[in-house]
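Residue-level listing of the chains:
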Amino acid sequence: MHTNPASPLLQLDGVKIAYGGIQAVKGISLELYKGEMVCLIGANGAGKTTTLNAISGTLGLAGGSIMYDGDDIGTLPTHKRLRKGIALVPEGRGIFTRLTVEENLRMGAYIRNDAAAIDADLERVYTMLPRVKERLAQVAGTLSGGEQQMVAIGRALLSRPKLLLLDEPSMGLAPLVVEKIFEVVQTVKNEGVTILLVEQNANLALEFAQRGYVMESGQLTITGSGRELLADPKVRAAYLGE
Amino acid sequence: METLLQQIVNGLVVGSVYALVALGYTMVYGILGLINFAHGEVVMVGALTALQTLLFLMGVAPDMAPLLKLAIAVLVAVPVCMILGFLMERLAYRRLRGAPRLAPLITAIGMSFLLQTLAMIIWGRNYHTFPQLISTDPLQPIDGVFITPVQIAIVIISALMMAGLILLVTKTRLGRAMRATAENHRVASLMGVDTNAIIALTFVIGAGLAAVAGVMFASNYGIAHYAMGFMPGLKAFTAAVLGGIGNLGGAMLGGIVLGLVEAVGAGYIETMTFGFLNSSYQDIFAFVILGIVLIFRPTGLLGERVSDRA
Ligand SMILES: Nc1ncnc2c1ncn2[C@@H]1O[C@H](COP(=O)(O)OP(=O)(O)O)[C@@H](O)[C@H]1O
Ligand SMILES: [Mg+2]
Chain A
1 MHTNPASPLL
11 QLDGVKIAYG
21 GIQAVKGISL
31 ELYKGEMVCL
41 IGANGAGKTT
51 TLNAISGTLG
61 LAGGSIMYDG
71 DDIGTLPTHK
81 RLRKGIALVP
91 EGRGIFTRLT
101 VEENLRMGAY
111 IRNDAAAIDA
121 DLERVYTMLP
131 RVKERLAQVA
141 GTLSGGEQQM
151 VAIGRALLSR
161 PKLLLLDEPS
171 MGLAPLVVEK
181 IFEVVQTVKN
191 EGVTILLVEQ
201 NANLALEFAQ
211 RGYVMESGQL
221 TITGSGRELL
231 ADPKVRAAYL
241 GE
Chain B
1001 METLLQQIVN
1011 GLVVGSVYAL
1021 VALGYTMVYG
1031 ILGLINFAHG
1041 EVVMVGALTA
1051 LQTLLFLMGV
1061 APDMAPLLKL
1071 AIAVLVAVPV
1081 CMILGFLMER
1091 LAYRRLRGAP
1101 RLAPLITAIG
1111 MSFLLQTLAM
1121 IIWGRNYHTF
1131 PQLISTDPLQ
1141 PIDGVFITPV
1151 QIAIVIISAL
1161 MMAGLILLVT
1171 KTRLGRAMRA
1181 TAENHRVASL
1191 MGVDTNAIIA
1201 LTFVIGAGLA
1211 AVAGVMFASN
1221 YGIAHYAMGF
1231 MPGLKAFTAA
1241 VLGGIGNLGG
1251 AMLGGIVLGL
1261 VEAVGAGYIE
1271 TMTFGFLNSS
1281 YQDIFAFVIL
1291 GIVLIFRPTG
1301 LLGERVSDRA
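For the record, the sequence lines run as chains A and B. The first sequence begins at 1 in our numbering and counts up one residue at a time. The second sequence begins at 1001 in our numbering and counts up one residue at a time.
Hints in this document: simulated from the structure, not taken from any laboratory. The reader is advised that the hints may include incorrect statements.
Mimicking DSS-like on lysine-lysine, the simulated pairs with C-alpha atoms at most 27 Å apart in a straight line are [said to hold, decoys possible]:
no.: 1; chain 1: B; residue 1: Lys1171; chain 2: A; residue 2: Lys80
no.: 2; chain 1: A; residue 1: Lys133; chain 2: B; residue 2: Lys1171
no.: 3; chain 1: A; residue 1: Lys180; chain 2: A; residue 2: Lys34
no.: 4; chain 1: A; residue 1: Lys80; chain 2: A; residue 2: Lys180
no.: 5; chain 1: A; residue 1: Lys234; chain 2: A; residue 2: Lys26
no.: 6; chain 1: A; residue 1: Lys16; chain 2: A; residue 2: Lys234
Looking from chain A toward chain B, a few residues come up when the C-beta cut is under 7 Å (computed) [claimed, not checked]:
no.: 7; residue: Thr58
no.: 8; residue: Thr78
no.: 9; residue: Leu88
no.: 10; residue: Tyr110
Note that the Cβ used here is the ideal one computed from N, Cα and C, for glycine as well.
So here's chain B without its partners, still in its complex pose:
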């Protein structure tokens, strides 16, 4: 019982980070019908920019409070990633609007390689230790179930950011324009909406969420490196498809469900396979789920229908 509860806690933590990243995939898909495979790399850039900032701060202001350092690192990483998201859209994807679907897809994959390579040039191939400024000493709220303060922070901050995004999209004039643009660019422009600006904004918001997710991953595992965005990106994409790509609530649900399945699965994979596979094979679950969803419910858990726009 404790094991299961423990897996659920772990799943919720990882799942909330997947959800944050999945939102970026789903928002861009919702508005452009494009799968931005480079989105995972934004997570990596967020983590490494935060790392760079932390190292700098530790050098110039070693006595600064750790939480303040971390906050500053996030405040640097978020705008850096936002600019990156903006540039991706402006310099690459915008030129490919209306091109056959394969062109932007291949561009996105190329963009992903490009960003990884650039990151490798800047930060090298090594794994970097990410300073764990929020305590990772586990608390034990229930006997036998552990959660660290950094994990608590991850869950709370993710929840707040998702709530904020939902409010923005459902309750504000800007959010209304985003939804209108997602449904029909042409008619939205007839309403006076600068749809190019709305599309750019969508990339910027998604990249901001990914930056925070990057810092969360790095803080949780204590590690950052140039290829760290790849797997979470793929998982978050799976989560977005699982929830119903294009659907914000779906991305959140998909992230949490995927995190739970993975964590619970990791706890039992050894028993399930009679010891053939151990918990280091937990990544299997995401891709098994992706396969099952694509075969049996391609619209995902909350998706009504696949977007009719190419």
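For reference, chain A alone in the conformation it holds in the complex:
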């Protein structure tokens, strides 16, 4: 591998992303090191989802570069980025509503052909998500929002990612469910997966993450450790409702 401990797993440098002629992300630079959990917070419309989509490849770049594991992946198609270990749990979950729960999870393992290991990983996902196990044969569209989010995360894990991108996993869910989801995220993190977490729930995100970036109108304005950001008066005023 090209990586040494000092070089980041993911590095965005001057990344610009546009919809038509309108720039939604205006030249951002950020990096993630192996094993880190970093969060990206910011108001609605700041450009967080746009950024994650560009990292996973469903949006192209209007400028700048994305380096991953030593390679420039800026023009690589989405399905090849997944093969390199970048998995996204998209905003709104992206469940295949007409596929069964099990089929959704197996789609996560699409790129793998180690049947026995896939089955073992499925079992692990079931233990993390016990309520999902009873519903494997059900069409996924019938699940509740929380269950769908669990399936979406489990599905992403089945590709055995090195870098997991999570886009507002707590959106629209009850506090108890959110807690469960963050437990799972913590477990994944402890296993060494690098995580970039986008959250509107800044309090929660900053508690879990080691570092954070604040995004405003397509730019990164403040960065620091989770604790620093939690203590920053500007962050408190803007994102923690004080």
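Following the hints, position chain B with the ligands against chain A.
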């Protein structure tokens, strides 16, 4: 009674061929939201390629067993049509992804004219006799009800191909990826699916089915010509809409139902219209049905809802 039974037999035969063609329409619609009006022409190319192959074989190997000749003709026609389907997607439709809906629709109609014209240049305007290598001597399993060996072969082969397709789509990893792509291209690509390849494959499979259907039509009627794909294409499209476009089971059901309605209707149209219309007007039924479905149940027999993707 015998008449009705006879019409049902005829309907099942034609209906299974409609079903094969309807599957191509519905699969492409399911994955792209596109009605590939040129799909009927693939049926024609399949039939004429098979004809060309048969003529060649009869020239170089006149003693070859007829069934073997036919099998070889199919084995040539299917890949030729698959390549045609692949090229249509690759050269035309792919460039129009994300374009307003009208653009691919007009392209599809243009493609249909283009293929017909090319076929006319290659094979001329005449009707060609298609060698009937499977016997068309009618058997009489029930008194007064006739079915020919070629018709029996059509029904059995269609059923096998449809069963195979259902197994592929519902039971395999590839089929799962096809269904996932049909539901959401973007998320499917996030799962590592090369969605362009899946879309191309969908065209290729549909074209393969259409090629076989073309050989069936030609074998059943003993005729092939450059415009022979148009009417079956339109009928199969009707069948796909009738069953619920985008739905595989719907295309099969729609094909069979349309075949039955047409055949039974043809048997009674003279009585129903007091002799005003005779059975050569049987094509009316398909389009009356299309109208009724579009007015009263636009989602078709098995369709849940119209695709929400443009
Ligand atoms: N598909 C799109 N077409 C045009 N503009 C978009 C599209 N998606 C997002 N935007 C715009 O880009 C900006 C950033 O959006 P987004 O990345 O979704 O923000 P966030 O995820 O931080 O809420 C917003 O101004 C939004 O209106
Ligand atoms: Mg967002």
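Inset, instruction - With a cut-off of 7 Å on the beta carbons, see whether A:Leu88 makes it to chain B. - result: At 5 Å from the nearest chain B Cβ, A:Leu88 passes the 7 Å test, so the hint holds.
Legend entry - 27 Å Cα cutoff - pair A:Lys234, A:Lys26: Distance of about 21 Å is within 27 Å: holds.
Legend entry - Status of the A:Tyr110 interface restraint (C-beta, 7 Å, chain B): holds (5 Å)
Inset, instruction - With a cut-off of 27 Å on the C-alpha distance, tell me whether B:Lys1171 and A:Lys80 pass. - result: holds (25 Å)
Legend entry - Agreement of A:Lys133 and B:Lys1171 with the hint, judged by alpha carbon distance not exceeding 27 Å: holds (20 Å)
Inset, instruction - Sort out whether A:Lys34 lies within 27 Å of A:Lys180, counting only the CA atoms. - result: holds (24 Å)
Inset, instruction - Starting from A:Lys16, check that the Cα of A:Lys234 is at most 27 Å away, please. - result: holds (25 Å)
Legend entry - Hint validity - A:Thr78 Cβ closer than 7 Å to any chain B Cβ: holds (4 Å)
Inset, instruction - For the hint on A:Thr58, just tell me whether its beta-carbon gets within less than 7 Å of chain B. - result: Status holds, d = 5 Å.
Legend entry - Hint consistency between A:Lys80 and A:Lys180 [alpha-carbon to alpha-carbon, up to 27 Å]: Status violated; Cα separation ~31 Å.
In summary, the one numbered hint that this structure violates is 4.
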